[in-house]
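**Q** Generate coordinates for the entire structure from the input sequences, incorporating the hints supplied.
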Amino acid sequence: MRKILISALLAAAALYANCALALDSNSTPVVVTPLASRTTTASGQPITLPQKNVQVLVSTYDIAVGATLPVHRHPFPRYAYVEAGTLKVTNVETGNSNTYKTGDFIIEMIGQWHQATNIGDGPVKLLVIDQVEEGAKNTELRQ
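All residue numbers for the sequence shown refer to full-length UniProt numbering, where the first residue is 1 and numbers rise by one.
To be clear, the hints were calculated from the coordinates, so they are not data collected in a lab.
Mixed in with the good hints there might be a few duds.
To be verified - PhoX-like, lysine-lysine: derived pairs with alpha carbons at most 25 Å apart:
1) Lys125 - Lys137
2) Lys88 - Lys125
3) Lys52 - Lys137
4) Lys88 - Lys52
5) Lys101 - Lys88
6) Lys101 - Lys52
Unchecked claim - Label pairs and their computed distance ranges (CB to CB):
7) Leu141 - Val31: 34 to 42 Å
8) Val30 - Val92: 36 to 44 Å
9) Asp104 - Thr139: 15 to 23 Å
10) Pro75 - Gly95: 29 to 37 Å
11) Ser27 - Asn98: 38 to 46 Å
12) Gly95 - Val31: 34 to 42 Å
13) Pro123 - Pro70: 15 to 23 Å
14) Val30 - Lys137: 16 to 24 Å
15) Thr33 - Lys125: 31 to 39 Å
16) Pro29 - Thr139: 34 to 42 Å
17) Asn98 - Pro123: 27 to 35 Å
18) Thr94 - Pro70: 16 to 24 Å
19) Phe105 - Thr139: 36 to 44 Å
20) Ser27 - Lys101: 32 to 40 Å
Nothing here was measured: the structure is a model prediction, and the numbers come from that model.
Each residue gets a CB set at the ideal place from its N, CA and C atoms; glycine is no exception.
**A** Right under this line is the structure:
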């Protein structure tokens, strides 16, 4: 039984390794470039998902040069891919900052107050993916 399981896992790994070529029916190669693989947020928290009725929200953000977002937090996981620009994100609770540039992937902190500033010389463009409980919002502004 153990040999069968190992053989099945090896076959699955080989199939996965060849998936890029199998995705296109015209024998044209498809290149898959991994961008991120993490188990923690930007501030080191474990990533935890909503416990019921998960809804995925996808949006884009365009942040003008010099713009600073208000202090806010996210009660659920939020992921962002930096399509263009340079963004500095500061955890206002700890004072720690991270700077993200074109091509970076952000796993935002959960439940911690933070803000972001476009520190580059062009607009920041983000592709943002939220996982929330159905009907909930994923951004709370600090009052």
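**Q** None of the hints should be skipped; say for each whether it holds.
**A** Tested hints:
no. : hint                        : result
1   : Lys125 - Lys137             : holds, 21 Å
2   : Lys88 - Lys125              : holds, 13 Å
3   : Lys52 - Lys137              : holds, 14 Å
4   : Lys88 - Lys52               : violated, 32 Å
5   : Lys101 - Lys88              : holds, 9 Å
6   : Lys101 - Lys52              : violated, 34 Å
7   : Leu141 - Val31: 34 to 42 Å  : holds, 40 Å
8   : Val30 - Val92: 36 to 44 Å   : holds, 42 Å
9   : Asp104 - Thr139: 15 to 23 Å : holds, 20 Å
10  : Pro75 - Gly95: 29 to 37 Å   : violated, 22 Å
11  : Ser27 - Asn98: 38 to 46 Å   : holds, 42 Å
12  : Gly95 - Val31: 34 to 42 Å   : holds, 40 Å
13  : Pro123 - Pro70: 15 to 23 Å  : holds, 18 Å
14  : Val30 - Lys137: 16 to 24 Å  : violated, 36 Å
15  : Thr33 - Lys125: 31 to 39 Å  : violated, 19 Å
16  : Pro29 - Thr139: 34 to 42 Å  : holds, 39 Å
17  : Asn98 - Pro123: 27 to 35 Å  : violated, 19 Å
18  : Thr94 - Pro70: 16 to 24 Å   : holds, 18 Å
19  : Phe105 - Thr139: 36 to 44 Å : violated, 19 Å
20  : Ser27 - Lys101: 32 to 40 Å  : holds, 35 Å
In this structure, the hints that do not hold are numbers 4, 6, 10, 14, 15, 17 and 19, in rising order.
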